[in-house]
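Asks: Chains as they are written, first to last, in our numbering: chain A, 1 to 113; chain B, 1 to 115.
Just so you know, these hints were derived from the structure itself, not from any lab. Any given hint might turn out to be false.
Only some residues are given here: those of chain A computed to face chain B with a beta carbon under 8 Å [claimed, not checked]:
id, residue
1, Pro-42
2, Leu-45
3, Glu-56
4, Ser-86
5, Leu-88
6, Gly-101
7, Tyr-102
8, Thr-103
9, Gly-107
Taking CB as the label site, the calculated pair distances span [claimed, not checked]:
id, chain 1, residue 1, chain 2, residue 2, range
10, B, Gly-100, A, His-26, 17 to 27 Å
11, B, Phe-47, A, Phe-51, 15 to 25 Å
12, B, Gln-69, A, Asn-17, 41 to 51 Å
13, B, Lys-70, A, Glu-56, 36 to 46 Å
14, A, Gln-95, B, Tyr-64, 39 to 49 Å
15, A, Pro-8, B, Thr-72, 24 to 34 Å
16, B, Phe-47, A, Asn-70, 34 to 44 Å
17, A, Lys-18, B, Thr-98, 29 to 39 Å
18, B, Phe-47, A, Lys-52, 17 to 27 Å
19, B, Gln-110, A, Gln-82, 35 to 45 Å
20, B, Thr-72, A, Val-113, 27 to 37 Å
21, B, Pro-41, A, Val-113, 43 to 53 Å
Over the 10 Å line for every Cβ pair with chain A, so calculated as not near, a few chain B residues [as the list claims (entries may be wrong)]:
id, residue
22, Val-4
23, Phe-35
24, Ser-42
25, Glu-44
26, Ile-79
27, Gln-83
28, Ala-88
29, Thr-104
30, Glu-107
31, Thr-112
All figures in this text were calculated on a predicted structure; none of them were measured in a lab. Even for Gly, the Cβ is constructed at its ideal location relative to N, Cα and C.
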Amino acid sequence: ETGVTQTPRHLVMGMTNKKSLKCEQHLGHNAMYWYKQSAKKPLELMFVYNFKEQTENNSVPSRFSPECPNSSHLFLHLHTLQPEDSALYLCASSQGQDAYGYTFGSGTRLTVV
Amino acid sequence: AQKVTQAQTEISVVEKEDVTLDCVYETRDTTYYLFWYKQPPSGELVFLIRRNSFDEQNEISGRYSWNFQKSTSSFNFTITASQVVDSAVYFCALRGRTSGSRLTFGEGTQLTVNP
Numbered sequence: 001e002t003g004v005t006q007t008p009r010h011l012v013m014g015m016t017n018k019k020s021l022k023c024e025q026h027l028g029h030n031a032m033y034w035y036k037q038s039a040k041k042p043l044e045l046m047f048v049y050n051f052k053e054q055t056e057n058n059s060v061p062s063r064f065s066p067e068c069p070n071s072s073h074l075f076l077h078l079h080t081l082q083p084e085d086s087a088l089y090l091c092a093s094s095q096g097q098d099a100y101g102y103t104f105g106s107g108t109r110l111t112v113v
Numbered sequence: 001a002q003k004v005t006q007a008q009t010e011i012s013v014v015e016k017e018d019v020t021l022d023c024v025y026e027t028r029d030t031t032y033y034l035f036w037y038k039q040p041p042s043g044e045l046v047f048l049i050r051r052n053s054f055d056e057q058n059e060i061s062g063r064y065s066w067n068f069q070k071s072t073s074s075f076n077f078t079i080t081a082s083q084v085v086d087s088a089v090y091f092c093a094l095r096g097r098t099s100g101s102r103l104t105f106g107e108g109t110q111l112t113v114n115p
């Protein structure tokens, strides 16, 4: 399997639930990212990990908790979300932060009810 | 601060027409990178092109071409002889040399190519 794989593709959760989004890349990249894509808004960078270390947190609320156990895997743990958190969450990876281009996954469509 | 503006929210054309998607950017960095991505209905963003600020040469790749003009801070994308499969949301993005990994995206242009 190649590229960036995100699971699940769709997720519906209640505001009191706890769930996790998973991202896996098989490209040998060392940087991974979480982006949020809301309707009618530009893509927003949430977190950046480089060699498993978080290098950027774009003022994301603590109800979103990222985890990067190794350079190939990235998780986004969700708890007590709000309906306005409903969005497409995209994972991306790149070879270094000064990357030629980012490879994106297909995203997880999250609906908070 | 960085900003990318894609003034066209939606464009609808008939197959075989040429279409140009506009992108205007703002940055204080003298070294920066510009990107175009395609987002089909499946959701993933597909990388199309990267340009650095020192390379103003226009590029053509098949039916796709890009016109980079620093004087007007624009990086426009033209699809020649459009096809139904070109229907997607197209994003222009900018990364300044001093902005680390941060890609600043425009709001996207929804292109619909009708048969």
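Asks: Take the hints in turn and mark each one as holding or not.
Replies: Results of checking the hints against the structure:
1. Pro-42: At about 5 Å, which falls below the 8 Å cut-off, the nearest Cβ of chain B leaves the hint on A:Pro-42 intact, so it holds.
2. Leu-45: 6 Å, holds
3. Glu-56: 6 Å, holds
4. Ser-86: With Cβ-Cβ at 15 Å, over 8 Å, it is violated.
5. Leu-88: 6 Å, holds
6. Gly-101: With a minimum Cβ separation of about 4 Å from chain B (threshold 8 Å), the hint on A:Gly-101 holds.
7. Tyr-102: 7 Å, holds
8. Thr-103: 7 Å, holds
9. Gly-107: Status holds, d = 4 Å.
10. B:Gly-100 - A:His-26: 17 to 27 Å: Check passed, 25 Å falls within 17 to 27 Å.
11. B:Phe-47 - A:Phe-51: 15 to 25 Å: Holds: the Cβ-Cβ distance is about 22 Å, inside 15 to 25 Å.
12. B:Gln-69 - A:Asn-17: 41 to 51 Å: 49 Å, holds
13. B:Lys-70 - A:Glu-56: 36 to 46 Å: 28 Å, violated
14. A:Gln-95 - B:Tyr-64: 39 to 49 Å: Since A:Gln-95 and B:Tyr-64 have Cβ atoms about 24 Å apart, the given range 39 to 49 Å is violated.
15. A:Pro-8 - B:Thr-72: 24 to 34 Å: 43 Å, violated
16. B:Phe-47 - A:Asn-70: 34 to 44 Å: Check failed, 24 Å falls outside 34 to 44 Å.
17. A:Lys-18 - B:Thr-98: 29 to 39 Å: Since A:Lys-18 and B:Thr-98 have Cβ atoms about 37 Å apart, the given range 29 to 39 Å holds.
18. B:Phe-47 - A:Lys-52: 17 to 27 Å: Given a distance of about 24 Å, which is inside 17 to 27 Å, the answer is holds.
19. B:Gln-110 - A:Gln-82: 35 to 45 Å: 27 Å, violated
20. B:Thr-72 - A:Val-113: 27 to 37 Å: The hinted range 27 to 37 Å is violated for B:Thr-72 and A:Val-113, with Cβ atoms some 46 Å apart.
21. B:Pro-41 - A:Val-113: 43 to 53 Å: 23 Å, violated
22. Val-4: Nearest chain A Cβ is 8 Å from B:Val-4, so the label is violated.
23. Phe-35: With a cut-off of 10 Å, B:Phe-35 comes too close to chain A, as the shortest Cβ separation is near 7 Å.
24. Ser-42: Given a closest Cβ separation of 6 Å, the condition is violated.
25. Glu-44: Since the minimum Cβ distance to chain A is about 4 Å, B:Glu-44 lies within 10 Å and the statement is violated.
26. Ile-79: Its Cβ never comes within 10 Å of chain A, the nearest being 19 Å, so this holds.
27. Gln-83: At roughly 22 Å from the nearest Cβ of chain A, B:Gln-83 sits farther out than 10 Å, so the non-interface label holds.
28. Ala-88: With a cut-off of 10 Å, B:Ala-88 remains clear of chain A, as the shortest Cβ separation is near 13 Å.
29. Thr-104: 8 Å, violated
30. Glu-107: The assertion about B:Glu-107 is violated, with a minimum of 5 Å to chain A.
31. Thr-112: 17 Å, holds
Hints 4, 13, 14, 15, 16, 19, 20, 21, 22, 23, 24, 25, 29 and 30, counting from the list given before, are not met by this structure.
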